[in-house]
Amino acid sequence: MEKLTSKLQNWVTEYLNGSDDFIIEIESKSPFKKYKIVIDGIKPVSISRCSELSKFLSKKIDEDTEINSSAGFTLEVSSPGADMPLKLLNQFYKHIGRKIEIVTKEKIKYCGELKSIENNNIFIERKVSKNETATEKIEFNNIEKALVIITFK
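In terms of numbering that gives the first Met the number 0, the sequence shown opens at residue 0 and continues consecutively.
These are computed hints drawn from the structure, not numbers from a lab.
Hints are supplied without guarantee of correctness; some may be wrong.
Calculated pairs, SDA-like style, for lysine to any residue (alpha carbon to alpha carbon, straight line, at most 25 Å) [as the list claims (entries may be wrong)]:
(1) Lys86 / Arg125
(2) Lys106 / Ser77
(3) Lys108 / Ser77
(4) Lys98 / Phe21
(5) Lys35 / Ile142
Distance windows between CB atoms, simulated [claimed, not checked]:
(6) Leu88 / Glu51: 19 to 27 Å
(7) Ile149 / Lys58: 17 to 25 Å
(8) Glu143 / Glu62: 15 to 23 Å
(9) Glu51 / Leu87: 39 to 47 Å
(10) Ser47 / Ser128: 42 to 50 Å
(11) Ser128 / Leu88: 27 to 35 Å
(12) Asp61 / Thr150: 13 to 21 Å
We treat Cβ as the ideally placed atom computed from N, Cα and C, and that holds for glycine.
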């Protein structure tokens, strides 16, 4: 399974090369022979983009003589859902201006508006009182979990 995961990584990288899209994760679930590939981009990734990548990977798998595609496994290609944590620094850029929640490795929780990203630092503005805000600087490498807060207007 590791060999196929490595090949999938290379093929997805090949497919995404030259685009603004990038790999979030390639996850293999061994007892189920399931491979889940999650991609994202500077702009939202469309369903058709995921479908095209899935077809590209299916063709590569069929052409590869080292992979026994008749052994049966499932391949799932998707973009991150609204409730999926932000894992890569690149994911934060398209959420500037939105409300996010960040938990640091020290278990400190910040909630506020994502203002900017500079030199691997995330800046969020949070309310400290009714009329006062504070800007917090959080080093990306110190983030344990980051979620975009979905709001309905």
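Consistency of the hints with the structure:
{"no.": "1", "hint": "Lys86 / Arg125", "in the structure": "21 Å, holds"}
{"no.": "2", "hint": "Lys106 / Ser77", "in the structure": "30 Å, violated"}
{"no.": "3", "hint": "Lys108 / Ser77", "in the structure": "29 Å, violated"}
{"no.": "4", "hint": "Lys98 / Phe21", "in the structure": "23 Å, holds"}
{"no.": "5", "hint": "Lys35 / Ile142", "in the structure": "24 Å, holds"}
{"no.": "6", "hint": "Leu88 / Glu51: 19 to 27 Å", "in the structure": "26 Å, holds"}
{"no.": "7", "hint": "Ile149 / Lys58: 17 to 25 Å", "in the structure": "36 Å, violated"}
{"no.": "8", "hint": "Glu143 / Glu62: 15 to 23 Å", "in the structure": "40 Å, violated"}
{"no.": "9", "hint": "Glu51 / Leu87: 39 to 47 Å", "in the structure": "21 Å, violated"}
{"no.": "10", "hint": "Ser47 / Ser128: 42 to 50 Å", "in the structure": "47 Å, holds"}
{"no.": "11", "hint": "Ser128 / Leu88: 27 to 35 Å", "in the structure": "31 Å, holds"}
{"no.": "12", "hint": "Asp61 / Thr150: 13 to 21 Å", "in the structure": "44 Å, violated"}
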